[in-house]
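Colleague: Sequence:
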Amino acid sequence: MTRTLAVDLTDPGLYTNGFPHDVFTELRARGPVHLHPPVEGRLGISPIPFWSLVAHGEIQQANRDWKTFAASDGPMVAPDPLMTSVRSLLTLDPPDHSEMRRIISSEFTPRMVGRLEQLLADRTARILEAAAGRGACDFVRDIAYQVPMHVIADIIGIPEDDRGWIFERTDHLLRAGNPYGEFSEDERLALQAEVFEYAQRITADKRANPADDVWTKLASQLDGFELEVFFLILSIAGSETTRNALTMGLIALLDHPDQLAELRADPSLTATAADEILRWSSPVLIFGRTATCDVTLGGQDIKAGDRVVFWHPSGNRDESVFEDPFRFDIHRSPNPHIAFGGGGVHYCLGANLAHKEIRVVIESIAAGYDIELTGPAAWTGAGPVHNVGIGIDSLPVHVTARN
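Per our numbering, residue 1030 is the first one in the sequence shown, and the count goes up by one each step.
One or more hints might be untrue.
[Said to hold, decoys possible] If you anchor each label on the Cβ, the simulated ranges turn out as follows: (1) Asn1432 x Asp1051: 34 to 44 angstroms; (2) Pro1076 x His1285: 40 to 50 angstroms; (3) Thr1033 x Asn1238: 49 to 59 angstroms.
[Claimed, not checked] Derived EDC-like pairs (lysine to aspartate or glutamate); straight-line CA-CA distance at most 20 angstroms: (4) Lys1235 x Asp1191; (5) Lys1235 x Glu1189; (6) Lys1096 x Asp1323; (7) Lys1246 x Asp1125.
If you're looking for bench data, these hints aren't it; they were derived computationally from the structure. Glycine included, C-beta positions come from ideal geometry on N, C-alpha and C.
From just these sequences and the hints, can you work out the full model?
Modeller: Structure (structure tokens):
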């Protein structure tokens, strides 16, 4: 018997203060897979039916089974014409996906991330020192966004003088993805054009003046719109998810001062703390796939051509996998969270880097700074209009260097 959802997961009202974990908990109790009926009138979401996967096991199984659940139609709820018009890691499956991933995978290995660690630590130290110098600041804008964007800029090879401009354009483009937000569709397209034009300029520069960075490598093997889209993916995927994880992680640690004190006393705990922050924050809301054949999953009969949507925050609170899943615990181990997709060929390329960024920032804060919330977090986003969906837009804090 088909389990049809009685709740509308595309309703932006569900996401005004974070993830609707109460709704996900109720859905998991009813079953791991549910048919979501089409909804008319949702900005940015096509009115099509789709299957919702809300349990950890089914999300992980489908994510790893790329032959049955194809990425070719993009990661959103419905097929995305822009994304499906160009080859990218988000819309390819093997063997094409493997070939494109091979081109840049050497830039995101644990060994490479290890080489970046000192650079990351130095950059984080400067950012935190500047925040402490101001005292009152916005943790999202001044810390959580700055760290990953500078790291991605270092990897790509973006000149220091260009970073303020491209960081601002990327931030505005992220905001413009919310159809209920402050930017019109024309403004969103104009911002996208500016980012693409910058990608063209930096590509031309890297080809004329090769350097030891990832963009020189990509510019020698990719071309045209494919390369511009990849620049956009790296800039956004490398910043938005990590800043959300850092921000939600900070709030969780401030809500659990005993655990923050443990981190101050034992920095080695940052390894398990980073995984718990990723589980807790689930910075990717959804990923969409298309069934390539008839298949039964979670007791439901999915037909070839059906859209299937993975709800990562729900999987990361699955009671059958995580003991006391609504308890934040920096000691949690093992911690098989699916913040990076749950394994397989589509496992997040930047997983090692994101984990390292979280460790370095949290360890740096624990070792040298006191942070106090001075106001409530302001959430932004409208749910599954895109795969990140929602995040914390601002978090007013006061930062003080510890003596």
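Colleague: Assess, step by step, whether the Cα of lysine 1096 is no farther than 20 angstroms from the Cα of aspartate 1323, and give holds or violated.
Modeller: Cα-Cα ~12 angstroms, so holds.
Colleague: Given the hinted pair lysine 1246 and aspartate 1125, is their Cα-Cα distance within 20 angstroms?
Modeller: 18 angstroms, holds
Colleague: Run the distance test for lysine 1235 versus aspartate 1191: straight-line Cα separation, threshold 20 angstroms.
Modeller: 15 angstroms, holds
Colleague: Is the gap between the beta carbons of proline 1076 and histidine 1285 within 40 to 50 angstroms?
Modeller: 42 angstroms, holds
Colleague: How does the Cβ-Cβ distance of threonine 1033 and asparagine 1238 compare with 49 to 59 angstroms: does it lie in that range?
Modeller: Since the Cβ atoms of threonine 1033 and asparagine 1238 sit about 58 angstroms apart, the hinted range of 49 to 59 angstroms holds.
Colleague: Given the hint that lysine 1235 pairs with glutamate 1189, test it: the Cα-Cα distance must not exceed 20 angstroms.
Modeller: The hint holds at about 15 angstroms.
Colleague: Mind checking the hinted window 34 to 44 angstroms against the Cβ distance between asparagine 1432 and aspartate 1051?
Modeller: For asparagine 1432 and aspartate 1051 the Cβ distance comes to about 43 angstroms; the hint holds.
The structure meets every hint from the earlier list without exception.
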